[in-house]
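Undergrad: Each residue of the sequence shown is one higher than the one before, starting from 1 at the first, in our numbering.
Honestly, the hints are just simulated from the structure, not real lab data.
In this text the structure is predicted, and so the values were computed from the model without any measurement.
Every residue, glycine too, gets a C-beta built ideally from N, C-alpha and C.
Please note that the accuracy of each hint is not assured.
To be verified - Calculated lysine to aspartate or glutamate pairs in the DMTMM-like style (CA-CA distance at most 25 Å, straight line):
| no. | residue 1 | residue 2 |
| --- | --- | --- |
| 1 | K98 | E73 |
| 2 | K98 | D158 |
| 3 | K98 | E149 |
| 4 | K12 | D38 |
| 5 | K12 | D158 |
| 6 | K125 | E149 |
| 7 | K98 | D38 |
| 8 | K125 | D107 |
| 9 | K57 | D107 |
| 10 | K12 | D63 |
| 11 | K57 | E149 |
| 12 | K125 | D95 |
What the hints assert, rightly or not - Restraint-style ranges between C-beta atoms, simulated for each label pair:
| no. | residue 1 | residue 2 | range |
| --- | --- | --- | --- |
| 13 | S76 | Q103 | 36 to 44 Å |
| 14 | G26 | P91 | 44 to 52 Å |
| 15 | A141 | A22 | 35 to 43 Å |
| 16 | A138 | P91 | 18 to 26 Å |
| 17 | A138 | Q48 | 37 to 45 Å |
| 18 | V162 | G111 | 41 to 49 Å |
| 19 | N67 | G26 | 24 to 32 Å |
| 20 | M71 | L25 | 41 to 49 Å |
| 21 | A99 | T78 | 18 to 26 Å |
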Amino acid sequence: MALTVGQMQTLKTDITVTRASAVYLGQTLLQWWSGGADGILAAFYNQQAASLIQLWKPVVLTDALVNALVMSEFLSLTVARQNGWFVMTQPATVDATKARVRQNFVDIFGGGATTTANLVTASQKAATYLESLFTSVAGTAFTSPIFGETATATLIADVRGV
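Please model the complete structure; the sequences and the hints are all you need to start from.
TA: In structure tokens, the structure reads:
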């Protein structure tokens with residue numbers, strides 16, 4: 001997925017204004033920008049953001065959810081809750097950006113369960129600087145329309161043209 005023109009403008013502003021004085025590898029982002037170091041700027045934006053925003057994943061492999069399961073907790077569930085788990089894990093993937101999916105974790109296992117905490121961990125990832133530029137918040141849920149996008153030297157070169 002390519003960034004929209006508006007997103008590229010946001011990235012350009014972040015490099016040249018908002019984070020212009022941020023130091024990376026001994027120079028400011030604005031210095032790297034002025035020197036045409038598109039690859040270095042891309043590397044910066046692919047790093048985990050300092051704000052440690054945890055994004056919900058739009059695609060969580062069911063296998064990752066199964067690996068998060070604490071079997072003793074599962075075995076202590078009612079049959080109805082176990083059936084709920086089976087329904088949730090039938091597809092190959094689950095979209096954790098959906099509030100209902102996240103609530104299902106709690107409804108099945110309970111808010112204090114280790115399995116619930118493991119499911120949350122499996123369903124999130126730390127945002128990169130690029131992803132964090134476009135993060136939106138709904139309640140306590142952080143999502144990014146460019147989840148998983150990687151900054152490249154080509155992208156930064158394209159951003160120069162907007």
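Undergrad: State for each hint whether it applies.
TA: Okay, the hints, checked on the actual structure:
Restraint check: the Cα-Cα separation between K98 and E73 comes to about 24 Å, which is no more than 25 Å; the hinted pair holds. The suggested pairing of K98 with D158 is violated, with an alpha-carbon distance near 32 Å, which exceeds 25 Å. For the hint pairing K98 with E149, the CA-to-CA distance comes to about 20 Å; that is within 25 Å, so the pair holds. Between the alpha carbons of K12 and D38 the distance comes to roughly 12 Å, so the proposed pair stays at or under 25 Å and holds.
With a C-alpha separation of about 10 Å, the suggested pairing of K12 with D158 holds against the 25 Å cut-off. A distance of roughly 13 Å separates the Cα atoms of K125 and E149; the hinted pair therefore holds under the 25 Å criterion. Distance check on the hinted pair: K98 and D38 sit about 35 Å apart at the alpha-carbon level, beyond 25 Å; violated. For the suggested pair K125 and D107, the alpha carbons sit about 22 Å apart, so the restraint of at most 25 Å is met.
Using a Cα cut-off of 25 Å, the hinted pair K57 and D107 holds, with the two alpha carbons roughly 20 Å apart. At most 25 Å may separate the alpha-carbon atoms for a hinted pair to count; K12 and D63 exceed this at roughly 38 Å. Among the hinted pairs, K57 with E149 is consistent with the structure: their alpha-carbon atoms are about 12 Å apart, no more than 25 Å. About 13 Å separates the Cα atoms of K125 and D95, which keeps this hinted pair within 25 Å; it holds.
In this structure the supplied range 36 to 44 Å is violated for S76 paired with Q103, their Cβ-Cβ distance being about 20 Å. One distance hint, 44 to 52 Å for the beta-carbon pair G26 and P91, holds here, with the actual separation near 47 Å. A C-beta distance of roughly 27 Å is found between A141 and A22, which places it outside the suggested range of 35 to 43 Å. Between A138 and P91 the beta carbon distance is about 23 Å. The supplied range of 18 to 26 Å therefore holds.
Between A138 and Q48 the C-beta distance comes to about 22 Å, which lies outside the given range of 37 to 45 Å. Distance hint check: the CB atoms of V162 and G111 are about 45 Å apart, consistent with the given range 41 to 49 Å. The given range of 24 to 32 Å is broken by N67 and G26, whose C-beta atoms sit roughly 41 Å from each other. Separated by about 46 Å at the C-beta atoms, M71 and L25 satisfy the suggested range of 41 to 49 Å.
In this structure the hint that A99 and T78 lie 18 to 26 Å apart at CB holds, the actual value being about 23 Å.
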